Amino acid sequence: MVIQLENLVVSYALGSETLEILNIPSWNIETEIQLAISGTSGSGKSTLLHVLAGLLVPTRGIVRVCECELTGLGEAQRDAFRGRSISIIFQNFNLLQGYTALENVLMGMAFAAVKQETANARQALERLGLGRRIRHYPAQLSIGEQQRVAIARALVKKPALILADEPTGSLDPKHTDEVIRSLKEACREYGCSLIVVSHEERVVKSFEHHVSIMELNRAMA
Amino acid sequence: MSLGAALLVAVVSLREQAHRNFIQEGLGVDAVLGPKGSPLQIILNALYHLDEMPGKIKWTYYEAVLKDPIVEEGIPFITGHSYGGFRVNAIAERFFTDFEYVPGKHFSLDPRSGGQGRLFAARDEAVVGWAAARALKLRLGDSFNPVCGVHSGDPVHEHDQIQFVGIIAPTGTPHDRAIYIPLKTFFTLEGHGNEVAVMATDPAQREISGAYLKIKRIRGGALHPDIQNLKYTINQSSKAQCVIPNEVLPQLFGIIGWADRVLFAMALLVSLLSVAFLFTSLVNALRERRRDLALIRSLGANRCIVFGLIITESLVITAFSAIIGLVFGHVLVGLGAHYVDIETGLRFSAFYFSPLDYLLLPVMLLLGLLTAIIPGIQAYRLGVLKNLTQIS
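Just so you know, the protein sequences line up as chains A and B, in that order. Just so it is clear: in the first sequence, position 156 is 156 by the working numbering, and no numbers are missing. Count along the second sequence from 1, then add 1000; that gives the number in the working numbering.
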């Protein structure tokens, strides 16, 4: 089981009222999958991703990701789980500016179960067409290249699941197609599931499997 | 931080070496027999070739003191002349053969030790301390006319030309900055008049500036306890006084110690400011790197790792600062020692290690640890989502 959600509720106190962001009675993904979750801004799709990544503890419900029940874990255990099994790709890439592309990818392995090997990091960058850019700093790379470095960093630790939050939000259509293609191919090659959250129809429709957050989230119904 | 550490190291090293040079060793003199006047003035003149003697003492009184059973030896001297800004002292030849400028060490003219030539033998010969020779660019065979006084404009003994026949090997004491002529030469210098000339042949008429006294030791190497009785007896008389350097030098150090305390306070202030600077740097850096730290958290690092990163960063900075400060501090001492040597003849070593040197690294690491705790806690409490993502 890749993902299993039961009665998931995420809500925030807003003064005397409670603002419900997520309310998903049930959602299961049983096998390795490449899935896009669509939704408008503020519909809770990023919140769902943060819950799946163990970055956010839900108000109620059960969250199982890669056979691990996150709701039963403490923060340090969730950190360790994330280091071991989950990679996250962000809209703004979140590369460490003072480090080269290679060092950024190596950082991806620092807290993972895999051994931190330069050869693997180099291979991941080469796989994404950045073989000649490994010694370049993020500022010396194009936006598309920076996102591919972020993808390489996510892949290199061979996670069970990659969560991508608006990975093409900062890219033009040409780079969007390039990045999504690279991401899907690389996940297939590395054997990991991929869940992409995006508000771009172009991105969502490029996935064989896609779902609208509105279908899942009763809070938005 | 390195600058603060370097200043601390240099100031403490110089202070401790100065203490050692001035107080512990007492420049090899157990007591100085001198005229009535300020004991400090006598010490400054007799040992450091500074200031002037407040008067003279009778040779006969000096001989009487020599007969005291605890006095092992006396070396009479006459000060009050100069050349090229350096003091010219008339002194008994035994000063160069018997006197130990530090326990166990005699003056040397041996070229292997840095000396040259020989000891004076005739009335018109002189030997010169290493630092004075270097400053005045003196060579063996050069001659000079002593100035009758220690101030610029004092009359020169035009007809008394004295030749340098020896350069004393470096001793690391103020004696390196003096010129020495035979005691009897003083009495025969032209211009001193018949009153003084008579002293050359009639010891009963003779007057001297003072004498270095060597006191007998008791078991264990300590000074004979009766030195206090000797001092009391001499000081009760109207003819002279006995000054014990180890009693007066701490006063001297107390007087000049303010400069050293100011320097130490400044170094301490620089160090404390650098610690404050480190703290603000860490806090500011943390503010700028919140996103990076949140990213590291998202990659799987837990709060303790992030806390540890901040602490480690601070410890690495302080460790490097301490090491660079240690090295730079000793380099400063080495550079300063060169000038102190030229100016005072006192020897300071860049390789002298004070207890501070051994404490500096652990103390700075402790400061680095304490400084990093608050930024570390801030990093520990950093919100990953708040700093990394946008809720959509």
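Hint data in this document are derived by calculation from the structure and do not stem from the laboratory. It is possible that some hints are incorrect.
Claimed, not checked - Selected chain B positions facing chain A (Cβ under 7 Å, derived; list incomplete): (1) L1295; (2) L1299; (3) N1302; (4) I1374.
To be verified - Label pairs and their in silico Cβ distance ranges: (5) A1285(B) - E185(A): 34 to 44 Å; (6) R1291(B) - S212(A): 24 to 34 Å; (7) I143(A) - R1381(B): 31 to 41 Å; (8) V1283(B) - Q77(A): 24 to 34 Å; (9) E103(A) - E1288(B): 11 to 21 Å; (10) K174(A) - I1323(B): 47 to 57 Å; (11) R1291(B) - Y12(A): 37 to 47 Å.
Said to hold, decoys possible - Counterexamples of contact, computed for chain A against chain B with all Cβ distances above 12 Å: (12) N94; (13) E117; (14) S142; (15) H210; (16) V211.
Owing to the predicted nature of the structure, the values given are computational and were not obtained by experimental measurement. Built from N, CA and C at the ideal position, the CB exists for glycine as well.
Results of checking the hints against the structure:
1. Given the 7 Å rule on beta carbons, the hint for L1295(B) holds: about 5 Å separates it from the nearest Cβ of chain A.
2. The interface hint given for L1299(B) holds, since its Cβ lies 5 Å from the closest Cβ of chain A, which is under the 7 Å cut-off.
3. Interface hint status for N1302(B): upheld, as the beta-carbon distance to the closest one in chain A is roughly 4 Å, under 7 Å.
4. The closest approach between the C-beta of I1374(B) and any C-beta of chain A is roughly 21 Å, which is over the 7 Å cut-off, so the hint fails.
5. In this structure the hint that A1285(B) and E185(A) lie 34 to 44 Å apart at CB holds, the actual value being about 39 Å.
6. Separated by about 30 Å at the C-beta atoms, R1291(B) and S212(A) satisfy the suggested range of 24 to 34 Å.
7. In this structure the supplied range 31 to 41 Å holds for I143(A) paired with R1381(B), their Cβ-Cβ distance being about 32 Å.
8. Checked against the hint of 24 to 34 Å, the C-beta distance between V1283(B) and Q77(A) comes to roughly 30 Å, which is consistent with it.
9. Range check, E103(A) to E1288(B): Cβ separation about 18 Å, and the 11 to 21 Å hint holds.
10. Remark: the range hint 47 to 57 Å for K174(A) to I1323(B) is upheld by a beta-carbon distance near 52 Å.
11. For R1291(B) paired with Y12(A), a C-beta distance near 23 Å fails the hint of 37 to 47 Å.
12. The Cβ of N94(A) sits about 5 Å from the closest Cβ of chain B, inside the 12 Å cut-off, so the non-interface label is violated.
13. Distance check for E117(A) against chain B: the nearest CB is about 16 Å away, which clears 12 Å, and the non-interface claim stands.
14. Taking the minimum C-beta to C-beta distance to chain B, about 20 Å, the non-interface status of S142(A) holds against the 12 Å cut.
15. No Cβ of chain B approaches the Cβ of H210(A) within 12 Å, the least distance being about 16 Å, so the stated non-interface status holds.
16. Listed as outside the interface, V211(A) is consistent with that label: its C-beta sits roughly 16 Å from the nearest C-beta of chain B, beyond the 12 Å cut-off.
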